[in-house]
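Each chain, written out:
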Amino acid sequence: MKEQFPARMVRIHFGEDDRWHGKPLHEAILAKCMELGIAEAIVFRGIEGYGSGSRIRHSSHWPLTKDAPIQLSIVDTEERIARLIPCLDAMVEEGLVATSTVEVIRYSRTAAKSEE
Amino acid sequence: MLNAGKAMKVSIYLSDGATRHGVPVYSSILDFLFYRGVAGATVSKGVAGFGADHHMHSANMVEISDRLPIKIEFIETREKIDAILGKLEELAGTGLIDMQETIVVKPAQISKPKQAVPPVHLKIEGKAQMMRIYVNEEDRWKDKPLHEALVAAMRANDIAGVTVYRGILGYGAHRRAHKEKPLQAAHHGSIMLSAIDEEEKLRAFLPIVDQMVAEGMVVFSSVDIVKYAYRALELEARS
Numbered sequence: 133m134k135e136q137f138p139a140r141m142v143r144i145h146f147g148e149d150d151r152w153h154g155k156p157l158h159e160a161i162l163a164k165c166m167e168l169g170i171a172e173a174i175v176f177r178g179i180e181g182y183g184s185g186s187r188i189r190h191s192s193h194w195p196l197t198k199d200a201p202i203q204l205s206i207v208d209t210e211e212r213i214a215r216l217i218p219c220l221d222a223m224v225e226e227g228l229v230a231t232s233t234v235e236v237i238r239y240s241r242t243a244a245k246s247e248e
Numbered sequence: 005m006l007n008a009g010k011a012m013k014v015s016i017y018l019s020d021g022a023t024r025h026g027v028p029v030y031s032s033i034l035d036f037l038f039y040r041g042v043a044g045a046t047v048s049k050g051v052a053g054f055g056a057d058h059h060m061h062s063a064n065m066v067e068i069s070d071r072l073p074i075k076i077e078f079i080e081t082r083e084k085i086d087a088i089l090g091k092l093e094e095l096a097g098t099g100l101i102d103m104q105e106t107i108v109v110k111p112a113q114i115s116k117p118k119q120a121v122p123p124v125h126l127k128i129e130g131k132a133q134m135m136r137i138y139v140n141e142e143d144r145w146k147d148k149p150l151h152e153a154l155v156a157a158m159r160a161n162d163i164a165g166v167t168v169y170r171g172i173l174g175y176g177a178h179r180r181a182h183k184e185k186p187l188q189a190a191h192h193g194s195i196m197l198s199a200i201d202e203e204e205k206l207r208a209f210l211p212i213v214d215q216m217v218a219e220g221m222v223v224f225s226s227v228d229i230v231k232y233a234y235r236a237l238e239l240e241a242r243s
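In order, the protein sequence lines correspond to chains A and B.
Per the numbering used here, the very first residue in the first sequence carries number 133; after that it's consecutive.
Per the numbering used here, the very first residue in the second sequence carries number 5; after that it's consecutive.
Just chain B, same shape as in the assembly:
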């Protein structure tokens, strides 16, 4: 396990065409490092380069070159590298090995299996608020339709749920009547978003609405939540 602090970085430069026991050299080196327990290694393929033999290796349309330069890089502690260096030299054959001191700022962590994040809303009961937002379908916020942006913003702010309704007819603050026209691809209609959550959460979200809605209306009303169930919990209980 590699810890933060001083370490060595080893780079091995190879030609793609080189093989050992019938497999590409880079692959046998990678296997060697893997089974010796090296913290991690990366193989990258260059697009062009030349080595000791001064043959230019590059990919072009005529020949899909299999002799492109290959670089293997890994970082380990000095002791571990000293222990494997002899064998590495043998494996690298004609390739070049270079080593430099480096500082590990943050060691890589083994990714842990994802822990189930408890949902923000397990249960809401009793008194709550319903927030309805009236906007126009053609209203935009940045590069998105406003109602879509509002839904995204509510989602990001953990509002329990929101539904968007498109009115077939209506008018609002601007005193223009909207009518749905079936033959028109782009609708210019009235939109209502309806969200229900605890009062504090909706009030806390209001400044964001303030900033996003230039023209429209927000209506608050008190509601009683009879049931709010989170489906993931049901699934968990079943399994």
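Isolated chain A, as found in the complex:
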């Protein structure tokens, strides 16, 4: 099944060490997205980067220093994204949120699944 609609994309940048109630922030945001029924969310770990506070973040195989840059990319309709933004305000203490207007084509195996 194929649907096509205009949508918003949100990209959130922060560090892998950032936490929300003891949980990694990216996992917390992802859980929030699932709760809000957001269509697509994916977390990327950058190999190098810097952000607010201008400290360079490295991804390293050394387990103790793992403040790698994290980018979360979220896509859904304008309304659903509007519901997510206040949650992000509360959760992201230090980081950057960028939104852009996009056009989406969604493929799903069955019509019923996409209705869920």
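Don't read these hints as lab results, they were simulated from the structure.
One thing to keep in mind: the hints can contain errors.
Below 30 Å or equal to it, Euclidean Cα-Cα: the simulated DSSO-like pairs (lysine-lysine) are [said to hold, decoys possible]:
no. : chain 1 : residue 1 : chain 2 : residue 2
1   : B       : Lys131    : A       : Lys134
2   : B       : Lys110    : B       : Lys91
3   : B       : Lys131    : B       : Lys75
4   : B       : Lys91     : B       : Lys75
5   : B       : Lys148    : A       : Lys134
6   : B       : Lys75     : B       : Lys49
7   : A       : Lys134    : B       : Lys205
8   : B       : Lys131    : B       : Lys231
9   : A       : Lys134    : B       : Lys49
10  : B       : Lys110    : B       : Lys13
11  : B       : Lys13     : B       : Lys75
12  : B       : Lys10     : B       : Lys110
Note that the coordinates shown come from a computational prediction; the quantities given were computed from them, not determined experimentally.
Model the placement of chain B on the given structure of chain A, informed by the hints.
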């Protein structure tokens, strides 16, 4: 130069062991044909055979036979063959020469030095589109991982460039959360492909995506291309 149309095909059957002036007969015949300007000739070695002397020649494990049958074949015009036939008979010695009429459908062409093909993308500037495709790492298309197949398809369709990202965490249309597990050799993760090109080219590619992606998402957004440089041009300019 051999042209399309009627010609003669000459086959010469020899035994591998035969030598002339210390070199194998086939090699002196090949040299002769080469310097007489014959259009082309092929020497092939048989795996077994027998000739006028009715000795069976074949290769086996015990003796690596050097007396296997050899066949030289070439195609030329009647006139040219008539001019060289006398000498060929002498060179072939005990071998057999046979000739038949043939029709050249397509003459061989001299391979020309490769001409530089201008790249499809010399320069893209200004407004363009970014296409992001979200799929799962375990999705397959025919016998390949889907993301690899998509990259190959984009390449074949001259899409300017594509990068594949593996997410460390994510979920998609199927509502399953994916998490990267470092100890697991096979990853079951979220994959994003990001391609940038002119809008028409990406839209033209969309039917192929339709057919390849059963479950996933395609996101289009407008971008401005500030710089797109083709490295081969740089190299050319430098040399």
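Problem - Hinted pair B/Lys91 and B/Lys75, Cα distance within 30 Å - result: Given pair B/Lys91, B/Lys75 holds - Cα atoms ~17 Å apart, limit 30 Å.
Exercise for the section: With a cut-off of 30 Å on the C-alpha distance, tell me whether B/Lys110 and B/Lys13 pass. Expected result: Between B/Lys110 and B/Lys13 the Cα gap is close to 14 Å, so the pair holds against 30 Å.
Practice task
Measure nothing beyond the straight line between the CA atoms of A/Lys134 and B/Lys205; if it is 30 Å or shorter, mark the hint as holding.
Solution key: It holds: about 20 Å lies between the C-alpha atoms, which stays within 30 Å.
Practice task
Mind checking the alpha carbons of B/Lys131 and A/Lys134 for me, to see if they're no more than 30 Å apart?
Solution key: Distance of about 27 Å is within 30 Å: holds.
Practice task
Given the hint that B/Lys110 pairs with B/Lys91, test it: the Cα-Cα distance must not exceed 30 Å.
Solution key: holds, 28 Å
Handout entry: Holds or violated: B/Lys13 to B/Lys75, with C-alpha atoms at most 30 Å apart
Key = Cα-Cα ~12 Å, so holds.
Exercise for the section: Below or equal to 30 Å on CA atoms is what counts here, so check B/Lys131 against B/Lys231. Expected result: holds, 11 Å
Practice task
Sort out whether B/Lys75 lies within 30 Å of B/Lys131, counting only the CA atoms.
Solution key: Violated, because 64 Å separates the two Cα atoms, which is more than 30 Å.
Exercise for the section: Below or equal to 30 Å on CA atoms is what counts here, so check B/Lys148 against A/Lys134. Expected result: holds, 23 Å
Practice task
Measure nothing beyond the straight line between the CA atoms of B/Lys10 and B/Lys110; if it is 30 Å or shorter, mark the hint as holding.
Solution key: holds, 11 Å
Practice task
With a cut-off of 30 Å on the C-alpha distance, tell me whether A/Lys134 and B/Lys49 pass.
Solution key: With Cα atoms ~60 Å apart, A/Lys134 and B/Lys49 exceed 30 Å; violated.
Problem - Given hint B/Lys49 paired with B/Lys75 - CA-CA distance at most 30 Å - result: With Cα atoms ~6 Å apart, B/Lys75 and B/Lys49 stay inside 30 Å; holds.
Comparing the model with each numbered hint stated earlier shows that hints 3 and 9 do not hold.
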